[in-house]
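Go ahead and model the full structure; you've got the sequences and the hints to work with.
Going down the list, the sequences are from chains V and D. In this note's numbering, each number is its position in the first sequence, counted from 1, plus 1163. In this note's numbering, each number is its position in the second sequence, counted from 1, plus 323.
In case anyone wonders, no lab produced these hints; they're calculated from the structure. There may be inaccurate statements among the hints.
Distance ranges between label pairs, derived from CB positions [to be verified]:
id, chain 1, residue 1, chain 2, residue 2, range
1, D, MET503, V, LEU1480, 54 to 62 angstroms
2, D, ILE516, V, ARG1224, 27 to 35 angstroms
3, V, ARG1397, D, MET503, 22 to 30 angstroms
4, D, ARG462, V, LEU1480, 39 to 47 angstroms
These numbers come from a predicted model, not from an experiment. Glycine included, every Cβ here is placed at the ideal spot set by N, Cα and C.
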Amino acid sequence: MKKRISTFWMLIVSGIFLVGMVAFSLLYIRFSNSRKNIASNEKYSSYYAMICDDNESSFVRAVYESAADKGREDGIFVELMGENLSRKYSKEDYMEIAIASGVNGIIVEADDSPKMTELINEAMSKDIPVVTLFSDSPASNRCSFVGISFYNLGCEYGEQINKLIDEKDFTYDKIKVTVLVSSSEADNAQNLVYTALKETVDKNAPYRKTSKPVEIRVVSVDTTNSFSVEESLRNLFITARDEVSDIIVCLEEQETESCYQAVVDYNKVGEVTILGYFDSQTILKAIERNVIHSTMSVNTKQMGYACVDAISEYKKLGYTSQYVATDLTLINQVNVNRYIED
Amino acid sequence: MKDKLRNMSLQGKMIGISLLVNLMIMIVNIALLIGINNLSDRMDMVYKGNIQLNSLSEMLERVQNSMTGYLNTKTSDALAQYYKNENEYMLMVDELEGGISADNSIRMGRNIKVMSEKYLEVVSQTIEAKRGRNVEKYRIRYENASKLYDYLKTYIDGLNNEQFKTNSANYSEMLKTLRMFETISNVSMVLVIVMSIILTARLTSELVRPLKKLTERAETVGKGKFDVEPLTVESQDEIGVVTGAFNSMTENIQEYIEKLRTSMESEQKAKENELLMETHLKDARLRYLQAQINPHFLFNTLNAGAQLAMMEGADRTYDYVHSVGEFFRYNVKKGYETVTVGEEISLIDNYIYILNVRFSGEIHFKKEIDSSLLKVEMPGMILQPIIENCVNHGIREMMGEGEIVLSVSRLDDVCCISIKDNGKGIDAETIEKIMTGKIAEESHSGSSSHNGVAMDNCIARLKLFCKNDNCFSIISDGKGHGTEVIIYLDINEHEE
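Spelled out as structure tokens, the structure:
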């Protein structure tokens, strides 16, 4: 009798096992079927395009991230143009694409060129608000400019140089200050920085502790292609072997990092003082190691938010603030620890 | 349900088992097939998007080429071609999935859609300008169209690439699923087969178990051991029926044997009882007979009588009393011992003398004796009862003179003792009764006054002595023709 019952149970157990196995295999297939398409199903009501020179720079990325964050909050998708394309286009091309794609707003790192101005105007005429970011196109009808005050930036650099002149003991009889500007830059932003810088330094001349003359020069850095910045910086060190500047002012993130590496490579640490731009982790580490003296940090989060807000405001009200200045922060040995991420 | 299953016929059970096992395998197979079908369908779908995009790109190229062709040649053929291509391109673009989404593909799809509209608009404007022969306008528009065409191409390529990436991811995942599924199916097939084997073995052993039991039991019974426990009937199938029949068969056989044994035992007991009773009866009768005569007293009395007669000179009285004494002495002494023929004959002489005295010479007694046979042994008290019968039943009831002839003669190795009278004779029926002993039984059961040593006793003793049933015969030719009793005795060598 016992045996009979066990067979009966065996029948039941094997039946359950069968059903379970069949169900499992079918469910498994179903499940693996529906596993995709879970992500990225959010829908957005608006679509903004962001067009920048160098999508890879951490400055641009930081601004984009904050703009995208702000957009997500408001149901707007912000796309950094050219990210998924197999070809690289110019900013102007991207402008054209954005216009042709009928985006709801454009954030563009503009310049003074007439082509850019024309495109901005075209977009504006097609009800696509354009916000210029970081560098302006003053002649265009863009609804707003979001950026830093380059004059203030120049003044800040000038004050840093003045402090350095007073604090540091320079070996040569001339104190050489080099300001690196990009060659392709058609806008006058960097000129503005240079002017403000020179003005501040010159203004301070009568109060200097040292009698050594200060020579400020502008060196153009080739930015025509991806690798030219680094090469032209190296050239700076190679050609002027003994007469390398005492102070180098970098106005770009990539320049700052390249310059830092060159100083280390050519054994000029301590001899050459770098005033950098932007707060990437590499730059912050360099400040901590005392290779870069200080850097100017832009509040990228504020910038990104301001861009999205400006377009939305313009769309809503038909007007917005023409110029939104974002905060500048000086980072040096004293406060660098606050910014370094572990 | 279980009982129902149990009561199914053997064939039904077998079919059930094979159905069950095959069903199991079939279910698993179907499940596996469905799974594989599903997967292969999805495999087919994986790169469908890419194929679609490739043809979209191709169509875009055709639109552009047909436009260029028209601008170059301005043939209506090229224009017709253009319209056809444009139409097809529009349809294809409509199929694209588009929208503002974080998903790159969907967003790019949207951009392609919007840009395509713009592109087609520009293209149609170009063609219009060409028709209007506005050279400057169509040149500029053509450039614009070409630029848009380039962007579109790039976007389609980008989307293609994007889709390819996700598709590849999907594909590799699917491949993984397929591998996994393969493993699952292999394992489950093996499991199912193992399970089916176990199940089949289990179920068939269940089927065969009662049969095995039955076989074992049949062997036991075949060896002659009938007192076995009845088998339990577990099911109502053929085996169950056979088991039941077997059970009742063994039970019946057992019962029958028991019955036979008891009946035999009782029969034997009854026979034993009968025998015992007969012996007892005989014994009692003998004791009764013996008790009738106190031999010593009788002898002493007779001896005293004889001596008295002698003293008084009455010789005949002396002889008579002496003969009576001798007769009874013999009777007491040799009653049931083995004696010789001579001793028996002298007893007969005494007896006849006594009778003749009693009945005053009525009986004529003749002897024809071969004296060489006088030493032949025989049981005692045989001849006297026969003579007594001759006298009582043969001669006394007849008219005229009675005659008894005693002859002892040799016939080869046999001694024949014949006692012949000329009395009233016996009919064949009575002879038969005497020979089989029935007459004695009748006389015992009846209130016959007859006592003494009966014929049947004589016959029985003779038969026992001779160890031969044919040692005694009675011959009579019927009423009034006399009777002859013949005794056949074996002559032993040493006796002579």
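Unsatisfied constraints (hint numbers, rising): 2, 3
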